[in-house]
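Colleague: Those sequence lines, one after another, are chains A and B. According to the working numbering, the first sequence is numbered sequentially starting from 1. According to the working numbering, the second sequence is numbered sequentially starting from 1.
It should be emphasised that the hints constitute simulated quantities derived from the structure, not laboratory data. A couple of the hints might just be wrong.
Computed beta-carbon distance windows for the label pairs [to be verified]:
id : chain 1 : residue 1 : chain 2 : residue 2 : range
1  : A       : 82        : B       : 115       : 34 to 44 angstroms
2  : A       : 103       : B       : 162       : 30 to 40 angstroms
3  : A       : 321       : B       : 133       : 24 to 34 angstroms
4  : A       : 88        : B       : 117       : 29 to 39 angstroms
5  : A       : 293       : B       : 241       : 50 to 60 angstroms
6  : A       : 8         : B       : 162       : 41 to 51 angstroms
7  : A       : 92        : B       : 14        : 39 to 49 angstroms
8  : A       : 273       : B       : 96        : 41 to 51 angstroms
9  : A       : 82        : B       : 88        : 55 to 65 angstroms
10 : A       : 22        : B       : 143       : 47 to 57 angstroms
For clarity, every value in this text was computed on a predicted model and none was experimentally measured. All C-beta atoms in this analysis are idealised placements derived from N, C-alpha and C, irrespective of residue type, glycine included.
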Amino acid sequence: MRTAAAIAALSALLAVFPFLATAPWVMTIALFTLMYAALASAWNLVGGYAGYPSLGHAAFFGLGAYTEALWFNHHGIGAGLTPFAVLPLVGLAVAAAGLPVAWIAMRTRADVFAIVTITLLFVAQTLAYNLRGITHGAQGVAMPVPDFAPATFERPFYYAMLALLVLALLLSHAVLRSRLGLALLAIRADEDKARGVGVPVGTAKLGAFALSVGITGMAGGVWAYYLSFIYPQFAVDPLVTVAMVLMVFLGGRGTLWGPVLGAFIVAPAQQYLAYQYGASQLYLLGYAALLVLVMLVLPRGVLPTLGDRYRSRQRRARTLRADVGTGVSADTGGDIAADVAGEQP
Amino acid sequence: MSAPLLEVRGLARRFGGVAALDDCSLTVRRSTVTGLIGPNGSGKTTLFNVVTGYLRADAGQILLEGRRVARPDPARLYRRGLCRTFQQPRVFADLSVLENLLIASGRRRAALAGPRVRADDRDRAEALLAEFSLAGLADDPAEELSYGQRKLLEFAALLMSSPSLVLLDEPTAGVNPTMVRTMERHIRARHAAGTAFLVVEHDMNLVMRLCDPVVVMAGGRVIAQGPPGDVQADPLVLDAYLGG
Numbered sequence: 001m002r003t004a005a006a007i008a009a010l011s012a013l014l015a016v017f018p019f020l021a022t023a024p025w026v027m028t029i030a031l032f033t034l035m036y037a038a039l040a041s042a043w044n045l046v047g048g049y050a051g052y053p054s055l056g057h058a059a060f061f062g063l064g065a066y067t068e069a070l071w072f073n074h075h076g077i078g079a080g081l082t083p084f085a086v087l088p089l090v091g092l093a094v095a096a097a098g099l100p101v102a103w104i105a106m107r108t109r110a111d112v113f114a115i116v117t118i119t120l121l122f123v124a125q126t127l128a129y130n131l132r133g134i135t136h137g138a139q140g141v142a143m144p145v146p147d148f149a150p151a152t153f154e155r156p157f158y159y160a161m162l163a164l165l166v167l168a169l170l171l172s173h174a175v176l177r178s179r180l181g182l183a184l185l186a187i188r189a190d191e192d193k194a195r196g197v198g199v200p201v202g203t204a205k206l207g208a209f210a211l212s213v214g215i216t217g218m219a220g221g222v223w224a225y226y227l228s229f230i231y232p233q234f235a236v237d238p239l240v241t242v243a244m245v246l247m248v249f250l251g252g253r254g255t256l257w258g259p260v261l262g263a264f265i266v267a268p269a270q271q272y273l274a275y276q277y278g279a280s281q282l283y284l285l286g287y288a289a290l291l292v293l294v295m296l297v298l299p300r301g302v303l304p305t306l307g308d309r310y311r312s313r314q315r316r317a318r319t320l321r322a323d324v325g326t327g328v329s330a331d332t333g334g335d336i337a338a339d340v341a342g343e344q345p
Numbered sequence: 001m002s003a004p005l006l007e008v009r010g011l012a013r014r015f016g017g018v019a020a021l022d023d024c025s026l027t028v029r030r031s032t033v034t035g036l037i038g039p040n041g042s043g044k045t046t047l048f049n050v051v052t053g054y055l056r057a058d059a060g061q062i063l064l065e066g067r068r069v070a071r072p073d074p075a076r077l078y079r080r081g082l083c084r085t086f087q088q089p090r091v092f093a094d095l096s097v098l099e100n101l102l103i104a105s106g107r108r109r110a111a112l113a114g115p116r117v118r119a120d121d122r123d124r125a126e127a128l129l130a131e132f133s134l135a136g137l138a139d140d141p142a143e144e145l146s147y148g149q150r151k152l153l154e155f156a157a158l159l160m161s162s163p164s165l166v167l168l169d170e171p172t173a174g175v176n177p178t179m180v181r182t183m184e185r186h187i188r189a190r191h192a193a194g195t196a197f198l199v200v201e202h203d204m205n206l207v208m209r210l211c212d213p214v215v216v217m218a219g220g221r222v223i224a225q226g227p228p229g230d231v232q233a234d235p236l237v238l239d240a241y242l243g244g
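With the rest of the complex left out, here is chain A (with noise of 0.2 angstroms):
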């Protein structure tokens, strides 16, 4: 119930923010935020629930931004909220691309996949670069400018970032009570093991990936059309990556919230330092100052060493009140049930 009464708030106030908050700096930040929410959640069931940490996202990012672009510059058609229409396309165009992607490189594992994985994203730059007759390589592609109210200009993608958000946590929850999910967390733990109980391992990877990378390319067609204008450097960006990690591993891997919390504290941060220091990149000192503390402090993510806590102390109120109620070493039971209830909120 109250986990309930927590996803309504939340997105209530997330639903109103464009009315409270109109300076467009302010929504620029949120609309990113929302972005990398739905990225990091999107990520997470790759890189979460399977457990193949996977560095080649962006290049999916970009792929989804590029097909954004270039569909709307063959088409011309590019006006006001139609580029949004087609973003489910450009979702399933982008997932039909992965398959083949994961087909290859799911046949290797941990420290391996992940070297795989960001070649593929060098590759998809350099591709990006050196396509020039799709891509414009370094002079980049156009996308028409909307002709939103300058004042709410971000709204439209505020809320398309926003939809993307929900959808990527709709799925993922769906994912979690699917066989899929079970299959997801049976491969992570030990996959030749579900292999020899008959879980088809090719296809469940298969399936989180194409799901994965699908919600990444809608989220780079999003971004596209914000900026309208996009350069390979920029639509293919490791930083993409490097966020999308460091966000699902601060808030908690394999949980459902944890991205959206990792997203909620580290892009606001970073946009907002962009924003008051310019474009230098000294964000980036952060981000590692941040990634190396995460590892040594909360290897886990929030969200699972607060469950820890959590659970771990109501197992000890359990066992004392158990021991009082027998008897059993009540004085030193009774002093420290009385050190757990003074700790309780």
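Based on these hints, arrange chain B on the given structure of chain A.
Modeller: What follows is chain B alone, placed relative to chain A:
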């Protein structure tokens, strides 16, 4: 007479200069508990790995119920009724005890899109947990189980698929005497219900009272097989164990 449950012919597998399996042939008949013994390094676990699709054979054939298995794959073989345990019990530590059984129900690809827990799977899983006296632990994470309990859980999970042949790799190694008897009781119960077993085991007392026939491997090939009493008296076997 119908084809044997499992037949391997002329299996070979080399690791560099070592021939782990060398022209290895053996047969497991229906409704038997076949023992597989041999000194360390004689190729028993390699044979398990090849038969269950974890390792490719360099040569030879595997036939399951008379049909050749062209490209052995653990998941497909599992759904065809052939499964195995591991020397070190392997359970999904993050999943609950119940989920460890649910995931092993051997459902096909299409079921991935279905619900996480199907009612019929849950019923089967709960019956098995009761049979193995693990019902009280159903919702605990598998990582909290003792070593012996993990062995039981790994075995119980395989039964979700109603296998025709279970390969047990040292089912009682490293567990206490009570657990050895528990494991033996479960194997006997399942054997009585029609499941066949191929058991690698170093506890000779257990092998001699549980298994018939007994197959002896040495140097990657089968050197003797037959009823436990005959095998025990075979000079070749004594030679392999004592090193002549």
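Colleague: Evaluate each hint against the coordinates.
Modeller: These are the hints, each one checked on the structure:
no. : hint                               : verdict
1   : A/82 to B/115: 34 to 44 angstroms  : holds, 38 angstroms
2   : A/103 to B/162: 30 to 40 angstroms : holds, 32 angstroms
3   : A/321 to B/133: 24 to 34 angstroms : holds, 28 angstroms
4   : A/88 to B/117: 29 to 39 angstroms  : holds, 30 angstroms
5   : A/293 to B/241: 50 to 60 angstroms : holds, 57 angstroms
6   : A/8 to B/162: 41 to 51 angstroms   : holds, 45 angstroms
7   : A/92 to B/14: 39 to 49 angstroms   : holds, 47 angstroms
8   : A/273 to B/96: 41 to 51 angstroms  : holds, 43 angstroms
9   : A/82 to B/88: 55 to 65 angstroms   : holds, 59 angstroms
10  : A/22 to B/143: 47 to 57 angstroms  : holds, 51 angstroms
Hint violations for this structure: none, all hints satisfied.
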